[in-house]
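Enquirer: Chain by chain, the residues:
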Amino acid sequence: MADKEAQPEGITRKQFLIGSGAVVVTAVALGVAACTRKSSTTLDYQTTPFTLAPVTEVTSAGVIKHDPVKCVGCGTCVQMCSTYNGGEPGPLLSRTELISDPFEPQFTFNSCQQCASPLCYFACPKKDVALCIDPTTGTRYTNEKECIGCGKCIAACVYRPSRRKMNPEKNVAINCNLCRGRAEGPTCVQYCPFGALQLIPREQR
Amino acid sequence: MAVSYGWTGKILWVDLSRNKITKVATSDYEPEKYLGGVGLNSKIFWKLGSPKVDAFSPDNPLLISVGPLTGLNGSVNRGEVGGIAPQSYPNESFTYSGFGGKFPSALKYAGYDGIVILGKSSKPVYLLIEDDKVSIQDAKDVWGLDTFETQQRLRSAYPQASVFTIGPAGENLSRIAIILNETSSASGQGGFGAVMGSKKLKAIVVRGSGSVKIAKPDVLEKFINDRKADGDWKINYNQLWARTPSVGGAIATEMKNYYKKPGGCFGCPFQCQGFYDVPNIGKGVQMCTDDWYGYFTSGNAPAHWEGNILSQKLGINNADLLCLIGFISTGIRLNQFTRAMIGVSSVPQIDKPKPGQSELDAHHQFLTELLGGIANGTSIFSQGVARAAKQLGNNAWSTYEKYSTGSGYRVHHIESINAALLWAMDSRDPFNSSHDTYFTFGTSPGIATHFGIPVSSYIANGVGIKNIYDQTEIETSWVQIHQSLKNSLTICEYASLPSQFYHPPSMDVQIFESQLLSAVTGIDYSVPTLWQTGERILNLRRTIMILREDRTRVDDTLNHLWFEQKVGGAEGLVAAIDKTKFEALKDRYYQLRGWNVTNGWPTREKLQELGLKDVADKLAGAKKLG
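Protein sequences appear in the order of chains F and Z. For what it's worth, my numbering labels the leading residue of the first sequence as 1, then goes sequentially. For what it's worth, my numbering labels the leading residue of the second sequence as 1001, then goes sequentially.
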């Protein structure tokens, strides 16, 4: 969590500390067991060691920024995300989440923050095969053909709720991959009727 | 026919008397022929035998349906409540009541095309739907709470759930009780909140995580892009009016200070409602009839807002309240009834505030007494304004008739003869879904001509110019079929006006609906097929009215006053209806519909053309085939 870009915006200090703690635990685990075992799909996350790459070696990525003032909570983002990425509109297939309260005109948009130090990536037992980083754009994404659905990346995410989630039908972990490969860019940004979503390029983070 | 796309394929069937929950196949109700919403509700009611029971009987089904388009991006996230309505007057009738908000899409994502609620629980309960997991829960902790508190309480137990709930008015069987989700998205007209209350069902809590299967997602995205490119996928004059208080004047000016942002139904890019936060009174969204009290506060914005927030919280139908203050003020002034008889100590519209009491306090006291009484069942108006006026005596009744249409619903947009015929033919106020005539055909002759409609009801600046009878049946027929489709697809009234998506000849609202439905369901709905679907739904509803309520031609009318004098104020006609011309218009209307002119009953020929042979057989058995 050394990079300030990786620090979650708008989360509580307590949540932030949980995130920081994850790094500490990781580092300790590394010191004890880094060379003793290779990652295994049968072990649970708590006991499975993994390699923590230096932050500077991970390519940075863009991110979707939500403007809570402009957002009116219409849900177009969630519908378009799930339609593009899952073929059907609906919450489970959406990689983003909209939290609303009928009694307050305030809305929270949760999506993968494409962290500078992506703990999900380091937690993946098939790192660079299942959970990958696009060499050109830096986007953290899942290669669904290779993902084994172990859920370690979901648990490793510093955010609460985790910005990675399971697609139970396919048994793969999914995240906002900025609609990787989509010529028009992220579909939620394109279709938000209120201009509340913006793609921040990695150079500007 | 089994359906693979659009519909989820399941209807939730809840028997509260037996505490039993089952799931039935939507395909049993021919969704491809009845779509969803009003169409599906009507088909379910028909298959239940159109029961001749009272609104509060355990055998009156409370039907809640969404449509094949619900859950998609667009103005298509609406639901319809149906069943025997306690508000209808003089007889309870089978009718419909639409609503938006977040509940319809949540229900669809949970995997259901509709819910059928039968029976009656022995104690207060709520229905909990979490995708496949459905249960009946004890509601003792929320029974008695208002609609806002109920949502807050249940949402704290089930985060991010959508809650469709009744308030105290529904619990105490007020005939003008609503079912609400969010702060103003309600099934209002009809009084279905009391049906829910009679079943001791406080709320339906839904958390849906699933999705809607679409036959051609690529076609759908291109479709949306094309509409965006034509400027159709953003709010325009057809919806924009709804964000600010319709009452206008000083209230609209002051309410600007309290405006926070747009609000509306899930998935809708228009978000036509306005979210307001008035200090010391409350927060919520508003549109249209939520202004009911503002018309009677002499520009007092906080009092206007309290009228809205309090009726939403207690769960009372704003649309019926709209005629109440005028009725009360006139009735008391003319000594037709007293303040005590209607359970209020003073009426701010005719009484000065008490010494030391501010104008706002006087409104507060009045609203609390009046609405509180309606909600707890002690007010005479708890049974709705029509039944209360009857009970208050002949003089009060004659006052009420000026606000009434005859069916238990207050005057609403009867500015043209076409509108009068729409009212005469329906089982409730048709102007939740008939604004085509008022917003478009009445004001834009070019668009009317495009759809083959003679300029039969010309309205300028929202006011009827003259009563036109010639060829009016053509417009009425068109608007009614479109109304059936809107309420069954389900698509928003203001997002499907004929002036919307209007880029002839390649695109118009008929082409829009036919292409959208085809891309989603994978079934080819050409414009004629779609239109026939709307006509089929209309004929089934008509048949239910005929069999269940003995409806005949003589019932297709307004109250006698409309034929004697100018009624309805700004929302009424310029002159009394000419009875002879109106009856001649009805002749032409029945002929156009393929119904018998003598009794207004559908003919076998028409029903069979619509694929309704079984309906024709049933009518023949009851000796009511036209």
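No lab work stands behind these hints: they were computed from the structure. Just to be clear, a hint being listed does not mean it is correct.
Heads up, simulated DSBU-like pairs for lysine-lysine below, C-alpha to C-alpha not over 35 Å straight-line [as the list claims (entries may be wrong)]:
#1 F/Lys70 - Z/Lys1283
#2 Z/Lys1216 - F/Lys145
#3 F/Lys170 - Z/Lys1283
#4 Z/Lys1261 - F/Lys170
#5 Z/Lys1261 - F/Lys70
#6 F/Lys65 - Z/Lys1020
#7 F/Lys65 - Z/Lys1256
#8 Z/Lys1260 - F/Lys127
#9 Z/Lys1010 - F/Lys145
#10 F/Lys65 - Z/Lys1222
#11 F/Lys70 - Z/Lys1020
#12 F/Lys170 - Z/Lys1260
#13 Z/Lys1234 - F/Lys65
#14 Z/Lys1222 - F/Lys70
Enquirer: Checking against the hints above, which ones are violated?
Expert: 3, 4, 6, 8, 11 and 12
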